[in-house]
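Trainee: Given only the sequences and the hints, what does the whole structure look like? Please build it.
Protein sequences appear in the order of chains A, B and C.
Quick note: the numbering used here has the first sequence finishing at residue 624, numbered continuously throughout.
Quick note: the numbering used here has the second sequence finishing at residue 553, numbered continuously throughout.
Quick note: the numbering used here has the third sequence finishing at residue 699, numbered continuously throughout.
I should point out that these hints are in silico values taken from the structure, not numbers from a laboratory.
Using N, Cα and C, we set each Cβ at its ideal position, and we do this for glycine too.
Be a bit skeptical, because a hint or two may be false.
Reference listing, derived: stretches of chain B covered by chain A, where coverage requires no fewer than 3 residues with Cβ under 8 Å from a Cβ of chain A [said to hold, decoys possible]:
no., region
1, 463 to 476
2, 534 to 543
Incomplete in silico selection of chain C near chain B, CB under 8 Å [claimed, not checked]:
no., residue
3, F442
4, P635
5, G638
6, Q659
With a straight-line Cα cutoff of 25 Å, these simulated DSS-like cross-link-like pairs (lysine-lysine) come out [said to hold, decoys possible]:
no., chain 1, residue 1, chain 2, residue 2
7, C, K650, C, K615
8, C, K650, B, K516
9, B, K514, C, K615
10, C, K593, A, K379
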Amino acid sequence: MAETNQDLHLEDLTKRFGDFAAVRDLTLTVPNGTFFALLGPSGCGKTTTLRMVAGLEDPTVGRISIGDQDITRLRPYKRPVNTVFQSYALFPHLTIFENVAFGLRRRGVKDYRQKTLDMIELVQLGPYAGRKPAQLSGGQQQRVALGRALINEPGVLLLDEPLGALDLKLRRQMQIELKRIQTEIEVTFVHVTHDQEEAMTMADTIAVMNQGVIEQMGAPEDLYENPVTTFVANFLGQSNLIMTDIIDGTGAEVIVDCQGQKIGVSPERSHAQGRKAWLGIRPEKIFASHVGEGEQADTNVLRGGRISDVSFIGVSTQYLVAMPWEQELMVFEQNTGRRPLFNNGDQVDLSWSSEHAFLLDADQDAHAGMMTPEDRE
Amino acid sequence: MATDVATPPLTGPGPRRVKAPRRSPTRWLSDHMVLLIGVLVLVYMVVPIGYIFALSFNQPTGKSANAQFSAFTWNNWTSICAPEGLCDSVKLSLEVSITSTILATILGTLMAFALVRHSFRGRGVSNLLIFLPMATPEVVMGSSLLAMFVSVGMDSVLGFLTIVIAHVLFCLSFVVVTVKARLQGMDSRLEQAAMDLYANEWQTFRLVTLPLAMPGIVAAALLSFSLSFDDFIVTNFTAGQSVTFPLYIYGAKLKDFPPQLFVMGTIMFLVSFVFVVAGEVWRRRRARAWAA
Amino acid sequence: MTHGVVPPPATTAAVDGAMARRRGWGWLLLVPGMLYLAVFFVFPTVQLFLTSLYDPSGNYVQGYTLTWHFANYLDAIRDTWNLFVRSFIYAGIATGVCLLFGYPLAYAIAFKAGRWKNFMLVLVIAPFFTSFLLRTMSWRTILADQGPLADFLRTVHILPHDGRLLATSVAVVAGLTYNFMPFMTLPLFASLDKVDHRLIEAAGDLYSSPFTGFRKVTFPLSLPGVVSGTLLCFIPACGDYINAELLGTPKQYMVGNRIQSAFLTEHNYPLAASLSLILMAIVVVMVVAYVRRVGTEELV
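Mentor: Encoded structure:
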């Protein structure tokens, strides 16, 4: 399979439903054999993109190709692409064996029996080959769906929220399992999910989608450490965003005025145009200290904080710190036990090293991508 | 009550209080009231069938259809076809209902697919036209068909053809409704999955859509058959000189009422019963075979 | 704080239904059936309408002429209004009794029958296994003057010495009730069986007495079944004439009896046609009003 160039290319892909553009001018390349995740909230266009690759939806504009083969207008059954559907879509009237053998038999593969049995063995469902899907648990059904797609040795395997129906523990297991299988067979996986942890655990590359466009694409660490929009900063993990004025953008560090205190940010992490910028800093990168005990340097210290809430959650403690400019910042601290916890009302200074902060365009909504767990569903 | 013995009453509560309070007879009655009424209604529904059984073994004394059971005999069973035209009428009924079931099921299934799976203008009108025959009393449907047959000069050919035309008409709407309900409950992702797995449109239909719709189609066909086979009113208007089984019974009540009619009724009952039970047993055995 | 990305509501439907409903030539599947309905339902109804306006002085042998004789309707109503009233009263009572007793039966099968569920269901459909005319004849035997039920009732003095069961209104309504009971019970069962039992428990948990729980939760959820059941009973019962003929006397005759004798015995087509159309009009109006009122579109 991996012999030739099998990269998946999407070029200027657009899909409109009436006046609403579900996907806008999407261009990306998924290198052969990688695990690629399309991450975003519901309605962001990720499932529509997937369905266009599968051939279940016709793009309004644009081109889809695998290697040199243009598949934009091919019927679903002519594409070297298979899908693991959300809630699996197993054929209820067929046995597990018949479900898994379905694709091979349609293509007239002769020795489909042995291959099917091998695949059922691979997904560890040997004893269940004769059963109907309804007689299997959720995790088992998930593996049938995976085997049913993988047996066709697709150029690209599409996964539409494949783990959404499983409980948390099973989901973690399947994440590791999926990653293992993908590494083993070196097939391109395109995985659609709204679960940022799931995407970060499994994917080599993540594309964060919002309102029909890709906000940012890259390796999970890059996206997390160096987000370029407030949406990505908030959707992947959590961020403190503080409004600042840029004082000097020409030196080795970009210097900003953060509510009267000078902060330095490395230039490759500055994505702000104009004079104002959101200063972003992850809660776990901030070090809280009693007044006068922390860093004494002039940069990267915010003074005048007061602990307003303490949540002890075992491995870590999460503080809310009220700042003089009426904003509360989040600070996470590992419970190493080296020093006692702060109490409500304690006065603290906050500091971080300058390579951990980032600057974002000021004309964005600071709450973009921020949502309660229910919204993420 | 072993626990009562093991824990002697020390001070206050004696063992009797530990025991779960007995439910009073009125509580039992109110709990089972619904079941009781249900069983009584079932008895009401089944009693006349028992009577048909019994009367099939009756040695008739007079020629009245009100005849009560007088003496036991096997004669009716050994001479089923003795009353003139009885077996012919059953044969005609079978021909009529099988033909109309096939036609109505095909037409109605196509319509159901069109309504559920395709978008087009005029759905409202279509739905209304399908609903109206169900809201039409049979006597109206029968008389309008007769009025038409007479006015287009078909009154000379009243018989098999006109009966089948009428039966397809009143079965059609029920087929559409039944199959539609089944199709609406189907997940369209299953068909997408089939297409994704290299099945073309026709294979998808044959291997996934049709098998999944089949229970609905079979139910619709069974319903059609039973409506058609048992229909009297519409048939009475459209049959001309032909005699179906229900028409035969109706004709017989005006003259003598041969007990062989009850034999035929009993046979019909037993055949249907065996079919239903066998179908259910087959279904369960298959389910169990998969489970094993 | 909740800043969700909310797409216009139309889009999710568009995404979900994109494959389910396709434009194209699929509507052609509808054509044969619609043609059938047009030729054998719409056209005959028009014919019936024209027939109802024939000159009543014509007859079967010489033929009729179309004179737009709307007075046929007035004549029909004047002569047979009591039959209409009786038909709707009988059909109404029968439907009511079917609902009153069919509901507990359907409820018992859905929730109380346990492992007897399938057996009870088979008994409900058992009447379909044999001819309804035979079953009605069988009732005629049971209710006969010298039959077992009348004998018993006379013995316990519920029925006076010369009292009859057969050939009374009660017998006709009982016959209608009997014949349409399965048509009531099956749709009721179908919708009750779908009710999630946890909902009823939740109602109990929220301090509903069993009866309130039933009234507020179970019954509203079974409403589609109630609607289809009552329609499936009431519509055919209105036009039925077999029960009146076999279990009653001309004093109990319904409008169906009159239509059939006008058509098939007297060959008075204009009268029969106008009666049919009046019946159909009343039934359709009642059904539409009822469906609107109860607010379900299950049937359509």
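Trainee: Compare the structure with each hint and give your call.
Mentor: Hints versus structure:
Evaluation of the coverage hint for the region 463 to 476 of chain B: fulfilled, as 5 residues show C-beta separations to chain A shorter than 8 Å, against a requirement of three. Given a C-beta distance limit of less than 8 Å, the hint that chain A covers the region 534 to 543 of chain B is violated, as 0 residues qualify and 3 are needed. The closest approach between the C-beta of F442/C and any C-beta of chain B is roughly 6 Å, which is under the 8 Å cut-off, so the hint is satisfied. The beta carbon of P635/C comes within 6 Å of a beta carbon in chain B, closer than 8 Å, and the hint placing it at the interface holds.
Hint status for G638/C: holds, given a least beta-carbon distance of 3 Å to chain B, under 8 Å. The interface hint given for Q659/C is met, as the beta carbon of that residue sits about 6 Å from the closest beta carbon of chain B, less than 8 Å. As the CA atoms of K650/C and K615/C are separated by approximately 43 Å, the hinted pair breaks the 25 Å bound. With a CA separation close to 22 Å, the supplied pair K650/C and K516/B stays within the 25 Å bound.
Restraint check: the Cα-Cα separation between K514/B and K615/C comes to about 49 Å, which exceeds 25 Å; the hinted pair is violated. Only pairs whose Cα atoms come within 25 Å are accepted, and K593/C paired with K379/A is accepted, the gap being roughly 23 Å.
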